[in-house]
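Colleague: Here is how the chains run, residue by residue.
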Amino acid sequence: MAEALQIRRRTPLRLWLSCGWLTVFFACAIFAGPLSPQDPLAQDLLFERLPPFWASGAEPGFWLGTDSLGRDVLSRMIHGARIAAIVALVAGFGACIIGTTLGLIAGYYRGWVDQIISRIVDVWMSFPAVLFAILLVAVIGTGLTSVIVAIVVIDWTRFCRVVRAETMAQSRMDYVDSARIAGFSRARTLFREVFPNVLPVIIAVLTLEMGIAVVVEAILSFVNLSISSDDPTWGGMISEGRLSIHQAWWVLVFPMITLFLTVLSFTQLGEALRERFDPVLR
Amino acid sequence: MSFLTIQDLDVRLRGSGQRLLRGVSLEVAQGQVHGLVGESGAGKSMIGKAILDVLPRSVEIAGGRITLGETDLTALPAKARRHELGQRTALIPQDPLTALNPARRIGGQITDRLTRVLGWGAARADARAVELLDEVQISDPARVMKSYPHELSGGMRQRVLIAAAFAAEPELIIADEPTTALDVTVQKQILKMIAAMQAAHNTTMLFVTHDLGVVARVCQRVSVLFAGHVVEDADIHTLLSVPGHPYSQALLSATPRYDDPRASLRPVPQSVIDATRAEAEAHDV
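Protein chains in written order, with the working numbering: chain A, 2 to 283; chain B, 193 to 477.
Don't take every hint at face value.
[Stated by the list, open to error] For each label pair, taking beta carbons as the anchor points, the in silico distance ranges come out as:
(1) Ala314(B) - Pro197(A): 14 to 24 Å
(2) Cys20(A) - Glu343(B): 23 to 33 Å
(3) Glu252(B) - Phe133(A): 52 to 62 Å
(4) Asp264(B) - Arg189(A): 46 to 56 Å
(5) Phe27(A) - Leu310(B): 27 to 37 Å
(6) Ala270(B) - Thr24(A): 27 to 37 Å
(7) Ala314(B) - Asp123(A): 44 to 54 Å
(8) Asp375(B) - Arg189(A): 26 to 36 Å
(9) Phe128(A) - Gln462(B): 52 to 62 Å
No wet-lab data here; the hints were simulated from the structure.
Where a beta carbon is used, it is the ideal one built from N, C-alpha and C, also for glycine.
This is chain A alone, in the form it adopts within the complex (with noise of 0.2 Å):
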């Protein structure tokens, strides 16, 4: 008890940070219209490269400058974040589910469905994982479902693993036991029982492996292997801002600033998550 008091006590500052953060990010993904001051897709050419709004040649209403193209760069970031958003969600739960629901297998029942899951997962993360993300966009066609497909094929390992370890230990418990002495099935035990004791390891998961979708989908999109590249995406728009990065840096700095401390603030919260229910920290 002492302990996991003192643990509580120590991340408030972190977790509020990056809750904050979250907050802002997703209210950006779900009112991307309304809060952006331009249209994200208007291409204006007199306007190109205008700077951000503290330098000398700002226009009012650019607040963070214009790409090439002249198109605004704050608006372009706030409908990134709402694929962003999209992808860290789909993919996350969609990875989450499959993971989860092999690792509470493998973990509880053991024996050869264990041991054919646990080698699929083994080889599947011998791949690079990167690599193997875009070869798969590449097989499967670039847009959103694709990024997400991808995402999800890729990383439901990340979840088998810790589900299955977690399971394991949660099994070896004597409460298992009991259950079972008291005439439950396996089904019922492994979902009433084993199951809630899982549950906050699988949530610290979720909440890194959303950072981890956002950094993948802004990878695929760097390379062009995202959707289409007028769509705003962070990737994109880093990439794109490359090119002109002694012209018009702005392009460039603003959207990794946001994807850092995106992800950043997802990597936050899940730790901050895991530590408050390991149990070993418990």
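We have chain A already, so just place chain B on it with the hints.
Modeller: Showing chain B alone in chain A's frame:
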């Protein structure tokens, strides 16, 4: 007439075939408390787990019969055995810290058996649970019912587990070192409570422990185990006063005595260990 009968129970590791129990036979009369003593790894807990059909997956029953009343448990198909065990047996586990599900409230964990095994309604089961908590001397049972395990002390959790074990009035309770994980000061209370509950409910009990002091307090009959083999099965008074087997004698003289604290403790001599092991392994052929 014995109530629980174990005949030539053989338990082995899957794969290597290493023997963990070597033809164990036991007879426990109805309403009796039968102790199983032995050092770590002697197979005492394994017997309990075999009866309750919760052996680890790496281990299998290779032979023998377990009979409860008139029912041959080993002959039943898995599902029927599960059902039979759920209705007639219960476990008081060793470690109260892991024996309660941390994610569920206490109340549900006691009433599980009542609602599931006996098919009672929720209200009736709750009332019975409060009654049982009262019986194990937990003050404010209504509050404890709504608590999570981490909100209770080790001693209280063990009382809850005792209450849960007796809840559905099982015919057989297996107590697997129920006091080992507890503080010495709490141990005695818990032992007294188990003994009192056992007497009040007239439950047959298999009491697994490594502590001869505990055995002397609660058991009527004792089996001494070594390397998965019963070396001696005797009345408690006989065992304590005139132990028949050299290993039992050695075990007794390795136990500290309160009435003669200066008496030297003698570890079990290697010669006795070797002889007993040879005797146990003679069963393998």
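Colleague: Run the structure past the numbered hints and jot down the numbers of the failing ones, going up.
Modeller: When the structure is compared with the hints, numbers 3, 4, 5 and 6 turn out to be violated.
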